[in-house]
Amino acid sequence: MAPRAYWTGNLRISLVSFGVRLYNAVSESEKVRLNQLHKGCNARIKMPTTCPVHGQVDRSEIVKGYEFEKDKYVVIEQEELEKIKLRSEKTIELTKFVPVGSVQDVYLDSTYYVAPDGPVGEEAFRVVRDAMEKAGAAGIGKLTIAGRERPVLLRPGDRGFTLHTLHAAAEVRDAAPYFEEIKAGAPNKDYMPLATTLIKGMMGEFDPSEFHDTYQDALVELVKSKVAGQAPVIVQEEELPSTFNFAEALKQSLEGVGRAAASKPAAASRAGAKKPPARSEPSAVKKQKRKQA
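Under my numbering, the very last position in the sequence shown is 293; numbers go up by exactly one each time.
One thing to keep in mind: the hints can contain errors.
Calculated cross-link-like contacts (lysine-lysine; reagent style DSS-like; alpha-carbon spacing at most 27 Å) [to be verified]:
#  : residue 1 : residue 2
1  : Lys-96    : Lys-142
2  : Lys-90    : Lys-142
3  : Lys-96    : Lys-183
4  : Lys-64    : Lys-83
5  : Lys-64    : Lys-142
6  : Lys-85    : Lys-64
7  : Lys-85    : Lys-142
8  : Lys-96    : Lys-39
9  : Lys-224   : Lys-39
10 : Lys-90    : Lys-72
11 : Lys-64    : Lys-39
12 : Lys-224   : Lys-46
13 : Lys-189   : Lys-200
14 : Lys-64    : Lys-90
15 : Lys-200   : Lys-251
16 : Lys-85    : Lys-96
No wet-lab data here; the hints were simulated from the structure.
No experiment lies behind these values; they were computed from the predicted model shown.
Let the sequences and hints guide you as you build the complete structure.
What follows is the structure, encoded as C-alpha cells:
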C-alpha cells in the first residue's frame, strides 16, 4: 500500500489532463537528531516566541508581514493569502519537453515520485509516460508547493515519473570563477594511461545499498552506550595511507585493484561451495562472545 500522498492534483500537457499524486522520494526519519539541553539539569532548551517590545507572545498573536523598508512591515492576512489562486497549485502544467539528460544536476532540488491518482487516469498516465520514455524526453513545467511556485522537471522512471523541483537560474552560481585557475591543455601523457586503467579497473554497477551514513551509525553507537550507562563507544576510523608522489600513488592503486580482481574468482568459488550447517550456540555463549568483543 502506497504511503500518504504529499500533494494531489493534475498533470497537464496542452489539452491533456489527468490526476496524479506526489510522494516524497527521500526520507530523513531515520536520522538521529540531537537537541539543545541546559547544561547540568538536562532540560530541553525551548525557543519562546517573543516580541522585543511586549515580551513573550502567544502563537495566536503572530501574523505574517513583509519588510518593505528597514524595520517597516506591511501585514499580510492569512485570508488574503488563501485568495491567491494559481493553476499551478492544483496542476503540474508541462510547457515544453527537453532531452532527458539535458538538465544539469546543479539545478535539481527536491525529488518526488509521481503516480496516477487512482484507476480512472491510469491509462492516460501510462500512455504519456511510455511516450516520453520512447522519445527520450523530460517535461519542464511549474508547480506551487510549500508556498512557492517552482519550476519542475518530470522524467519517466520505473513505472511512473520522477519529479524534481528546480533551482532558478539566479540561485545557481556560475561555475567559471571556481575553475578559472585550472590550466588549459592536455594532461600528462605518461600519467593518463595509468589513471585510465585504474578507473576502468574500478568500474561497476551503481548500487545504492552499498552506501550508508557511517557518521549516523557511529552516533547511534555512542547514544546507545550512554543510554545503557556504559563507557561511551567512540568509533574512530583509521586514516588511509597516502603519498605525495602522484605517479607512485597511481601505480600502488593499480596494484591494489589487481589484487582485488584476482581475489574475486576465489571468493566466488568459496561462496558456491557447500558449507556444513553451523552449530547453534547456547545463548549464554553468544552473550559472553558479545561481551568479549
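We went through each hint and held it up to the structure:
With a C-alpha separation of about 11 Å, the suggested pairing of Lys-96 with Lys-142 holds against the 27 Å cut-off. Under the criterion of a C-alpha separation no larger than 27 Å, the hint pairing Lys-90 with Lys-142 is consistent with the structure, at around 11 Å. For the suggested pair Lys-96 and Lys-183, the alpha carbons sit about 38 Å apart, so the restraint of at most 27 Å is broken. A C-alpha spacing of about 15 Å is found between Lys-64 and Lys-83, which places the hinted pair at or below 27 Å, so the restraint holds.
For the suggested pair Lys-64 and Lys-142, the alpha carbons sit about 25 Å apart, so the restraint of at most 27 Å is met. Taking the CA atoms of Lys-85 and Lys-64, the gap is near 19 Å; set against the 27 Å cutoff, the hint holds. Taking the CA atoms of Lys-85 and Lys-142, the gap is near 14 Å; set against the 27 Å cutoff, the hint holds. With a C-alpha separation of about 56 Å, the suggested pairing of Lys-96 with Lys-39 is violated against the 27 Å cut-off.
The straight-line distance between the Cα atoms of Lys-224 and Lys-39 is roughly 20 Å, inside the 27 Å bound, and the hint therefore holds. Our distance criterion of 27 Å between C-alpha atoms is broken by Lys-90 and Lys-72, whose separation comes to about 34 Å. At most 27 Å may separate the alpha-carbon atoms for a hinted pair to count; Lys-64 and Lys-39 exceed this at roughly 34 Å. Among the hinted pairs, Lys-224 with Lys-46 is consistent with the structure: their alpha-carbon atoms are about 25 Å apart, no more than 27 Å.
Proposed proximity of Lys-189 and Lys-200 is supported: the alpha carbons are some 17 Å apart, at most 27 Å. Among the hinted pairs, Lys-64 with Lys-90 is consistent with the structure: their alpha-carbon atoms are about 24 Å apart, no more than 27 Å. With a C-alpha separation of about 14 Å, the suggested pairing of Lys-200 with Lys-251 holds against the 27 Å cut-off. The hinted pair formed by Lys-85 and Lys-96 meets the criterion: a straight-line CA distance of about 23 Å does not exceed 27 Å.
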